Amino acid sequence: MINDTFDLRSAESHIEVHKFRTGAVAAATIFSLVVQALLPVYFPKADILDLPLLITIYFGLSRRNPSTGLLLGMVIGLLQDSLSKSPLGLYGIAKTIIGYTASSIGARLDTEHPAARFALTAVFFGLHQGVIVLIRRLLLAQPEAWFTARLGIAAGVNAIVAVFLFLLLDHLRKPS
Amino acid sequence: MVAIPSRHKSLVLLAGVVVVQVLFLAVQIKRVSQGRLIRSWTVGAISPFERTGAWGFGRVRSVWRHYFALQDASRENESLRRENSALKLQVEELRSKAGEADRLALLINFRQLNHNVPMLGARVIGASPDTASETIFLDRGEHDGIRRNMAVITPDGVVGKIIEAFQNSAQVLLLTDKDSGVGAMLADSRIQSPVGGTGEPLLVMKYVANDDTVNLGERVVTSGMDRIFPKDLPVGTVTEIKPGNPFKLIRVRPAANLERLEEVIVLLTLRPLEVHKEAEPSTSDAAEKTASGHSTTAKP
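Chains A and B supply the protein sequences, listed in that same order. Terminal number for the first sequence in our numbering: 176, no gaps in between. Terminal number for the second sequence in our numbering: 300, no gaps in between.
Rather than coming from a laboratory, the hints here were simulated on the basis of the structure. Some hints here could point you the wrong way.
Derived BS3-like pairs (lysine-lysine); straight-line CA-CA distance at most 25 Å [as the list claims (entries may be wrong)]: (1) A:Lys19 <-> B:Lys9; (2) A:Lys45 <-> B:Lys178; (3) B:Lys206 <-> A:Lys85; (4) A:Lys85 <-> B:Lys178.
In this text, all values refer to a predicted model and were calculated from it rather than measured experimentally.
Make the full structure from the sequences, and use the hints.
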């Protein structure tokens with residue numbers, strides 16, 4: 001029997017590294033981009049969500065490999081850039097950093113509990129936004145506010161959605 | 001060669017990937033005018049899913065509305081909406097006959113007046129996944145004759161312009177985007193000033209001097225000076241006026257409902273258009289001529 005779940009760093013830590021069904025990561029990525037593009041057409045308020053970010057965080061936390069986490073973040077970010085009018089690389093850089101950070105944290109902490117997922121998503125949302133604002137200010141000369149009430153609400157909403165979305169995505173894992 | 005400790009390899013990879021993307025950004029900033037192949041590929045790959053998703057979404061919504069959720073109320077509502085639309089049209093027709101000029105009358109006549117200007121109806125199949133920009137995707141592209149900088153409107157007013165045309169889809173920069181702008185003027189005083197987006201639902205009219213008189217509720221229409229939008233299309237209505245230095249701060253509510261766009265019209269021409277002066281809405285002659293079926297051609 002193929003055991004697709006194994007312990008990270010053997011006896012040092014008992015945090016599981018999860019593997020996913022074939023095509024799950026690609027399917028989830030495409031699904032998030034399509035839904036992200038479609039939802040605001042029918043529900044304008046839904047533009048507060050950043051589903052590609054949630055996908056980046058989830059697979060980063062679950063796979064716990066910084067290299068694959070940052071590469072997945074880069075791919076998702078660049079795809080998101082390609083579908084927007086932002087310069088290519090804006091979301092790419094932000095999600096690369098999120099993918100790396102999520103994977104690194106996932107390798108050290110147990111991030112399966114909904115409360116942990118909620119808190120981490122809110123923090124990652126803030127970090128993601130911070131990186132974007134930084135790039136806009138430094139590279140693109142686009143002054144943008146570091147924090148607004150809308151961003152605070154968006155962080156909370158995305159964190160709540162993440163708790164339920166991550167539970168759904170857990171079903172894509174290969175059984176241990 | 002210095003070996004990188006294995007625990008630092010991912011950190012080095014992170015730095016490498018970020019640096020490459022920063023350089024990539026820098027290259028783009030210098031070459032903003034050039035088309036980007038990756039965009040074309042990504043949009044080409046994603047837009048079929050968006051198209052399918054939009055179709056599926058529409059079907060599911062239709063089934064839900066008509067068979068599950070308040071079947072009678074939904075149908076009655078639709079019927080009343082249709083009736084309401086018909087009555088509104090009737091009112092506009094009566095106004096037109098009475099010699100009153102209004103924006104809808106101009107729009108109804110717009111096609112007649114510009115019968116040599118090809119127009120294309122397009123469906124909105126997606127919005128920008130980037131929360132900082134206000135763009136939408138249409139289900140028509142280069143294949144249908146759409147090109148960059150073509151004007152996009154609805155019967156209510158100006159929507160935006162095409163910023164990217166792909167094979168079977170196109171990206172529209174909405175008026176509300178920070179980088180968007182349209183040559184405009186106040187309908188009554190004919191004071192000209194560009195109107196631009198701020199990333200928020202309201203637009204801003206930028207260069208109206210403090211000495212100029214502007215009234216709340218005054219209509220803002222296109223001036224035609226940007227050579228993209230024809231003259232006298234509705235842009236919006238003045239909702240807020242504040243004195244500023246050196247210009248007034250004027251906020252404008254867009255005439256088109258930019259948050260709920262499902263179908264739009266693309267003007268398939270890159271030539272500057274003008275609505276014939278004799279048919280301008282501020283003159284009663286225009287309405288009379290409209291009522292009597294008079295039409296003129298658009299000037300290139």
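Status of the hints after comparison with the structure:
no.: 1; hint: A:Lys19 <-> B:Lys9; result: holds, 22 Å
no.: 2; hint: A:Lys45 <-> B:Lys178; result: holds, 19 Å
no.: 3; hint: B:Lys206 <-> A:Lys85; result: holds, 23 Å
no.: 4; hint: A:Lys85 <-> B:Lys178; result: holds, 11 Å
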